[in-house]
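Novice: Sequence lines, in order, name chains A and B.
First residue of the first sequence? That's 19 in this note's numbering, and the numbers climb one at a time after it.
First residue of the second sequence? That's 8 in this note's numbering, and the numbers climb one at a time after it.
Among the clues, some could well be false.
[Stated by the list, open to error] Chain B residues, not near chain A, derived (Cβ > 10 Å throughout): (1) V11; (2) T31; (3) E49; (4) Q52; (5) H81; (6) T108; (7) F109; (8) G112.
[Said to hold, decoys possible] Within a straight-line C-alpha distance of at most 27 Å, the following computed DSSO-like cross-link-like pairs (lysine-lysine) qualify: (9) K59(B) - K75(B); (10) K75(B) - K62(A); (11) K80(A) - K45(A); (12) K67(B) - K84(B); (13) K80(A) - K75(B); (14) K80(A) - K62(A); (15) K69(A) - K80(A); (16) K63(B) - K84(B); (17) K67(B) - K80(A).
[What the hints assert, rightly or not] Covered stretches of chain A (chain B as the covering partner; in silico rule of three or more C-beta atoms under 8 Å from a C-beta of chain B): (18) 57-63; (19) 83-94.
Honestly, the hints are just simulated from the structure, not real lab data.
We put the beta carbon where it would ideally sit given N, CA and C, even for glycine.
Next come the chains, spelled out residue by residue.
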Amino acid sequence: NAGVMQNPRHLVRRRGQEARLRCSPMKGHSHVYWYRQLPEEGLKFMVYLQKENIIDESGMPKERFSAEFPKEGPSILRIQQVVRGDSAAYFCASSPRGDSYEQYFGPGTRLTVT
Amino acid sequence: GDSVTQMEGPVTLSEEAFLTINCTYTATGYPSLFWYVQYPGEGLQLLLKATKADDKGSNKGFEATYRKETTSFHLEKGSVQVSDSAVYFCALSNFGNEKLTFGTGTRLTIIP
Chain A
19 NAGVMQNPRH LVRRRGQEAR LRCSPMKGHS HVYWYRQLPE EGLKFMVYLQ KENIIDESGM
79 PKERFSAEFP KEGPSILRIQ QVVRGDSAAY FCASSPRGDS YEQYFGPGTR LTVT
Chain B
8 GDSVTQMEGP VTLSEEAFLT INCTYTATGY PSLFWYVQYP GEGLQLLLKA TKADDKGSNK
68 GFEATYRKET TSFHLEKGSV QVSDSAVYFC ALSNFGNEKL TFGTGTRLTI IP
């Protein structure tokens, strides 16, 4: 059973461009969480989604960031008009249910904004 | 709000040494506590967990006990191996809340 997959693993964008980060949950998992790790900081929760629904986006910046988890295909974290402060590692986790006891993490996408 | 404070790294130990990585938390109510480990180039893996006071989580020789009186969940291992080299994250989740709150991580290096 393949684990949580994220791509790309590394992404370089110039300021003002858009970044799209993809997360394919484990088979049978319908809950996805996104976390961000800024340099020298711990992982910070961003958003929690179920298929076609955003359940909790309390950790998402109000502007430029959006997330979706369509009925078919991966979850997408989209960052518009990136700035240098968006440079970070973005981790996705999936769960078979909305339960923090069983969150399985992907390897992360490292975004660098130049 | 909830927060987790863990021992700053990096920590370097010789093989077979005793390991302690300190973790304390601030939370309302009765959180569940976790240790995650991240090996180079990989995602975070759940190492162990404890869901109520005085519970002891254990896995792969690692242990941590949920101490409500000191709001701590220190990670210990009696004899570390080179293969334990990784980054260790302490985390909590609070009742009815699916999101995890993490500490900043502690990088552990074991030298032969």
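Novice: Decide, hint by hint, whether the structure agrees.
Specialist: Hint by hint, here is what the structure shows:
With a least beta-carbon separation of about 7 Å from chain A, V11(B) fails to lie farther than 10 Å from that chain, contradicting its non-interface assignment. Interface exclusion of T31(B) from chain A stands, the closest Cβ pair being 14 Å apart, more than 10 Å. For E49(B), the non-interface assignment is contradicted: its Cβ lies about 6 Å from the closest Cβ of chain A, within the 10 Å cut-off. Distance check for Q52(B) against chain A: the nearest CB is about 7 Å away, which does not clear 10 Å, and the non-interface claim fails.
With a cut of 10 Å on Cβ distances, H81(B) stays outside the contact zone with chain A, its closest approach being about 17 Å. Distance check on T108(B): its Cβ comes as close as 7 Å (rounded) to a Cβ of chain A, failing to clear the 10 Å threshold; non-interface status is violated. Interface exclusion of F109(B) from chain A breaks down, the closest Cβ pair being 4 Å apart, not more than 10 Å. Separation of G112(B) from chain A is inadequate, the least Cβ-Cβ distance of about 6 Å not exceeding the 10 Å criterion.
Between K59(B) and K75(B) the CA atoms are separated by roughly 9 Å; this keeps the pair inside 27 Å, and the hint holds. Only pairs whose Cα atoms come within 27 Å are accepted, and K75(B) paired with K62(A) is accepted, the gap being roughly 24 Å. This hinted pair does not check out: K80(A) and K45(A) have alpha carbons roughly 31 Å apart, beyond 27 Å. With a C-alpha separation of about 9 Å, the suggested pair K67(B) and K84(B) falls inside the 27 Å cut-off, and the hint holds.
Restraint check for K80(A) and K75(B): the C-alpha separation of about 35 Å exceeds 27 Å, so the hint is violated. A hinted pair counts as satisfied when its Cα atoms are at most 27 Å apart, and K80(A) with K62(A) qualifies at roughly 15 Å. With a CA separation close to 22 Å, the supplied pair K69(A) and K80(A) stays within the 27 Å bound. A hinted pair counts as satisfied when its Cα atoms are at most 27 Å apart, and K63(B) with K84(B) qualifies at roughly 13 Å.
This hinted pair does not check out: K67(B) and K80(A) have alpha carbons roughly 41 Å apart, beyond 27 Å. Against chain B, the stretch 57-63 of chain A contributes 6 residues with a C-beta closer than 8 Å to a partner C-beta. That satisfies the three-residue criterion, and the hint holds. Chain B is given as covering the stretch 83-94 of chain A, and this is violated because 0 residues of the stretch bring a CB closer than 8 Å to a CB of that chain, at least three being needed.
The structure is inconsistent with the numbered hints 1, 3, 4, 6, 7, 8, 11, 13, 17 and 19, although it conforms to all the rest.
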